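Chains as they are written, first to last, in our numbering: chain S, 1 to 584; chain B, 585 to 1168.
These aren't lab readings, by the way, just hints derived from the structure by calculation.
Partner residues aside, some chain B positions facing chain S, computed with beta carbon under 7 angstroms:
1) Gly604
2) Leu648
3) Gly653
4) Lys683
5) Glu762
Here are the computed lysine-lysine pairs in the DSBU-like style, where the Cα-Cα straight-line distance is at most 30 angstroms:
6) B:Lys947 <-> B:Lys1011
7) S:Lys492 <-> B:Lys816
8) B:Lys1084 <-> S:Lys500
9) S:Lys386 <-> S:Lys407
10) S:Lys432 <-> B:Lys1071
11) B:Lys1077 <-> S:Lys232
12) B:Lys1084 <-> S:Lys573
13) B:Lys934 <-> S:Lys99
14) S:Lys487 <-> B:Lys947
15) B:Lys643 <-> S:Lys558
16) S:Lys500 <-> B:Lys646
17) S:Lys62 <-> B:Lys1076
18) B:Lys1071 <-> S:Lys435
19) S:Lys304 <-> S:Lys343
20) B:Lys821 <-> S:Lys493
21) S:Lys536 <-> B:Lys646
22) S:Lys469 <-> B:Lys643
23) B:Lys646 <-> S:Lys558
24) S:Lys232 <-> B:Lys1071
25) B:Lys1053 <-> S:Lys62
26) B:Lys816 <-> S:Lys487
27) S:Lys405 <-> S:Lys343
28) B:Lys1077 <-> S:Lys357
29) B:Lys1077 <-> S:Lys59
30) S:Lys573 <-> B:Lys1076
31) S:Lys573 <-> B:Lys1142
32) S:Lys357 <-> B:Lys1076
33) B:Lys1120 <-> S:Lys59
34) S:Lys469 <-> B:Lys646
35) S:Lys492 <-> B:Lys941
36) B:Lys1071 <-> S:Lys363
37) S:Lys62 <-> B:Lys1142
38) S:Lys59 <-> B:Lys1076
39) B:Lys1120 <-> S:Lys62
Everything numeric in this text was worked out from a predicted model, so none of it was measured.
No residue lacks a Cβ here, since even glycine has one placed at the ideal position from N, Cα and C.
Here is how the chains run, residue by residue.
Number of protein chains: 2
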Amino acid sequence: MKKNNVTMYEAVNEIARRRGFFWPSYEIYGGASGFMTYGPLGSLLKRKIEATFRDAFLKPLKMLEIESGIITPAKVFEASGHVKSFKEPMVECTKCRRKFRADHLLRDQANISDSETEKLTLKQVSKELKRHSIQCPECKGEFGHPQYFMTMFVTRIGPYSDSVGYGRPEAAQSIFVEFRRLFEVARERLPLGLVQIGHALRNEISPRQGPIRLREFTIADIEFFFDPQDAKCNLLKQVEDETLPLIPGTLKSQGLKEALEVKVSEALQEGYIATEWLAYFMVLAKRFLNSLGVPDEKQRFIEKLRWERAHYSAQGYDQEVLLDRLGWTEVSGHNYRTDFDLKQHMKWSKVDMQVFKEYDQPKSVDRVFIKPIRSTIGPAFKEDAKKVIDVITGADASRFMQEMKKKGYVLAENFRILPEHVQVSRKTVEEKGRKFVPHVVEPSFGIDRLVYIALETAYEKKKDRAILKFPREIAPIQVAVFPLVTKGDLGKKAQELQRKLSEEGLEVFYDESGSIGRRYARADEAGIPLCITVDKLTLADNTITVRDRNTWTQVRIKIPELVPNLNAYFDRKITFEDLGSISN
Amino acid sequence: MKKNNVTMYEAVNEIARRRGFFWPSYEIYGGASGFMTYGPLGSLLKRKIEATFRDAFLKPLKMLEIESGIITPAKVFEASGHVKSFKEPMVECTKCRRKFRADHLLRDQANISDSETEKLTLKQVSKELKRHSIQCPECKGEFGHPQYFMTMFVTRIGPYSDSVGYGRPEAAQSIFVEFRRLFEVARERLPLGLVQIGHALRNEISPRQGPIRLREFTIADIEFFFDPQDAKCNLLKQVEDETLPLIPGTLKSQGLKEALEVKVSEALQEGYIATEWLAYFMVLAKRFLNSLGVPDEKQRFIEKLRWERAHYSAQGYDQEVLLDRLGWTEVSGHNYRTDFDLKQHMKWSKVDMQVFKEYDQPKSVDRVFIKPIRSTIGPAFKEDAKKVIDVITGADASRFMQEMKKKGYVLAENFRILPEHVQVSRKTVEEKGRKFVPHVVEPSFGIDRLVYIALETAYEKKKDRAILKFPREIAPIQVAVFPLVTKGDLGKKAQELQRKLSEEGLEVFYDESGSIGRRYARADEAGIPLCITVDKLTLADNTITVRDRNTWTQVRIKIPELVPNLNAYFDRKITFEDLGSISN
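So here's chain S without its partners, still in its complex pose (with noise of 0.2 angstroms):
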C-alpha cells in the first residue's frame, strides 16, 4: 500500500494543474497566495462531493440547506465573538518589511507547538520570539512587536464609510441570524439541523499548502439543533457499536499520540464526547470519508484542548486525514456550540431567540415574578429610573432573584439594584410549555480539502502511468466513449452513443484522437471508471465494449443494455463483472 512518499504531494498537484482539477490563480500575474482556481474536471469533481456530503447527512436527517452571501454588515460578527476573536498574532522584519504568523515562527524554528502558542499573549510570543532568537526567514532581520491582525477581510457596504462589512469566515453566522424565519419555515421542529454549503473567506497572512490553507475557500457548516433538556440522540442505535479513532482531551494532554479505537458507546460513557449527537455525527463524518475513498485507518478525531477551541466552542473535535507530505491534516470540525451564538444574537439584537415546547400535558409549576418599586427607584436613579425600571421588566426573574440571594444586589448596565427596588411574588402557575434556547452541534467540513483528499486517495501509478482511482460515486467523468477507428461509421456510432448517455445524465468524455492505448491511459489519469470503445463487431453486432478503470479487464454488452446495466452499475447495484460477458 506504500506509494512513492517522496513525490505523491507534487504529483497529486502536477495532475491536478495539467489535466485541469485546479491550480493557483492569477498565474499571468505572479499569483495570488491563498486562491485557487477549479478547471473542469475539479469543478464537476468539487459538485460531485457536495452531492455526496448532501447524501450522507442531509437527506438521513432531513436536514435544510440555505444560501446567503459572504459580504455580512459588521454587527453580525461583532455580535458572534469572531471581530474580538478572529485574528492571529503577526510580526513584521524591521528591515525587509515582510510579515509573518508568529506562531508559524515559533513553531517552525523553536519548536513549539500550536497548541503550546495558542495559550501565550502578545507579550509571551515576544519573549519567546527572543528567548528563541527567531530571525526574518527571508533576510535574517531583526523583528519588532507581534500585532495581531484581524484575519477577516474588511469592506465597506454601499457609499458610507461607517457602515463596515466583513468576508464571513464560516457558513454558520447566517444560520443563527435567520434561525428564527428557518424555526418558522420548519414548522417548528426539533431537532432541526440547517446546513450551507458555500465559499467563505480568511484572510490568512501568508498562506501556503495550495489547497490546504486557502483565503477563500469553500465550508459545508451543518447546525443541528436540539433541546439540552432532551439531547438524546433517536439514531444512536444505528451508530453505537462503530467505533472511532479518537485522541480525547483528557488522554492528549497526558501525551496520548495514537488514536485509541473506542466505541461511540464507551466514548459517550467515559465522557469523552460530551453530547450523543455529537458522536452520532462523528460516525456520519468517518462514513462520510470513507465514502471519498479514504480508509478508516487514515482517519482520527482528536480534541481541541480549552485555549486551542474556537471561542464559541464548548467541546471540539478536529477529524482529520492522514496525507503523504502534509502528514495529519484536519478536514471537519466538529463543535458543540451550545446556545452560544443564538443567544449573542438575542442579547445584540435584542430580538427573542427561544424557541417554545409544549408539554405533553399543562404543569403546575411555582413560578417567582418580580415588579420594579418605582417609589424605591425614581430617588435612587434620579433620570435612569426608566432604564432600571426597563431592566427589571425585562429580567429573568428566577435567574434575578438567585443573584440577588447570593450578592445581596444585581448589578445590570452598570446599575446596582437593590432588594428593596423590587417587589418579588410567588405563584402557582399552569404552564403549558417551556421556552428555552436551543443547543448546537455543528459538524464543519472544508470542501477544497476534501477535493485534494479524493485526489490523493485515488492516486496511482501502474507501469509509470498515473491512475486516479477515484470511487465511482464521485467520479468527475463517468464514463468515455472511444470509436476505435475515426473515419466511417464508427465515428458516427460513437457519437451517437455519447450523446445518448450524456442525455441520460451521465458525464460523458467522447474522445477520437490518437491510439486506443493513448485514450485509455488519458481517461485513466482523469479518473473515468469506464471506457466504452465501439469496434467493428459494434456494426455487426450492436455490442461494445466496456474497460474497466482499475483492473483494465473488459467486457462485451448490448447497447441497449448499456443505460440500465450503467445505472445500476453507479448505483452499486452491480459490480464491473456483472456489467456484461467477459471479452479477454
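Based on the hints, put chain B in the right spot on chain S.
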C-alpha cells in the same frame, strides 16, 4: 391570463418569505439592503434553475465549467477596465448627508431615461440636477456636487496595505485570466465555451427592488471563444427559422418601442445581430426562459446603444422579461466582447494569449520583418536605447510598418521611432498556421432574478388559495407523501414510501399534520407537482393515489409501478394521466 396586477409582486414576496423561498437578510439587525437569504425551498429552486441552465447551455455545446474566487487582486480589474469604468454618479444631500445615485434621481424626478443619463458627464449631470431643481427625496435638502462612486467592493488581501483586492462584479474575468491553461486542458479546441456560475458583488449605492437588484448575487457567465475568421455557427441550422422578439439599436434610436418578431436568419442578414453565435445563444436563452415557465410573449431582446454598453462590448442585447409590477426586467445580457479582455490581459500581464491554428496545408506568405538599427538608435535615444530596441524587437512587424507608412514615425512608450532606426526586410515564408486572439460572445444570466421570475410566473390564485405552478423540472420538491390518517400502519407505510422515493433521488416532503385538505393546500403553495396519499386501500391492495397540483385530479397506481412512472413523468415521457388510472 390577467392576474391581479395590484398585488402580485407583494403576494409573491409574501409567499417567498412565509414559505421560505427567500427574504431580505439580517432582519433581526434591521436589515442590510441588497442582501438576500434563500431558505430551504428557495435554495432547492435555485439549484434546480442552475441545473436547467447547465442542461440548456453546457450540454449541447460541451462547454466546460470552472470555479474560482470572488476576491480578486486589483490588477485583474485594472487590466479588464473595470476599475476605470465600474462607477456610478452619486450625490450627497448637504443637509441629511444621505447619498443617492444621480441618474436614478434624474430618472425618477425629471423623467430622463437611463439611456440619456448614460451619455452625460459629471458636469452635465450636475447641470441637469440643478436645471430640474432636484432635491433630496428624504429631507428636501440641496445636493452637493456629483462624484463617481466605484461600485466594486474594495478590500485588502493579506496584511499589506497596498495589496488591494476587489469583489468581482462578474464571473467572466477569471475565465479570461486562466484562458491559457483552460485552452490547454480543453486540448486546444475552438470554438470553446467556458462557464462559471457563482457569487458576484456590486456595491450598489442604494439598492432596492428586493431580489432584482442585489449587492451580492449569483451570476452565470458563459464565455464562448471562437476564431473571428471562422465565425460561422455550425448549429445555426437548428435555430435560423425561429423568431426572436427584437428591438435592434438602429430601430430603437428611431423610436421603436415594441419588439419585432424577427427570424434569426433575417436578423443576421439585416445586421441586427453582429455575429452568428450571438444569435444562436439568444435563441437558447429564449428557450431556457420558456423552460422556467416564461412564454415567448413575455420576452424581448433590446439592443444597448453605444453609450449604454459596457466598456468591453461591441454589441449588446439585454434579454428582458415582462413582470407584473417591475415591467420589462433584464434577465440576461448577450455581449459581443470580441478579443477585448484577452488583449487587455495580454497587455497587462505580458503573457501571450494567442492561440495557434494549423492550416489544412502549409501556406507560402509574404512577411515583413523588422530589426532595430543599433548604430542609429544609440545616439538618438542614449540611455533609453535598450528600451527602444526592445519595443522594435517585440512589435508586430506588419502593423508597425503600416503605422510608419501612414505617419512617417511610430510612437511607442513615448519614443518617436523613425524609419532610420528600423531595418526592414521581406521574405516569403512557409507558414503552418496562424496565431490569433479568439473572439468571445458572452451570454450572462442573473440567477436570483430567474428565481424571482420563476416564482412570479408560477404564481396563481385558485379559489383564494395560492398555487405555484412550477414546470415539473424546476419544482423544488417533486413529491409529497401523506398518510390519510396518522395513526397505525398508514403512517408507517407512508414513511417507508417517503424513504424509498428519497433514496431514488426524488425530493420528497412528508406531511402528516392537519386535514388532508390543509396538506394539499400547503403542498400547492410550495409548488409540489404531485401529492401521494396512503389510505386504507393501500394496505389492502398496495395502491396509492397521486394528485395533480395543476388540475387537482387524482389517479390510482400500484406502488411497484410508482418509481418508474414518476421517473418517466419527471422526464416528460408521460403525462399525469398516464401515471395511473383516473380515480375520481
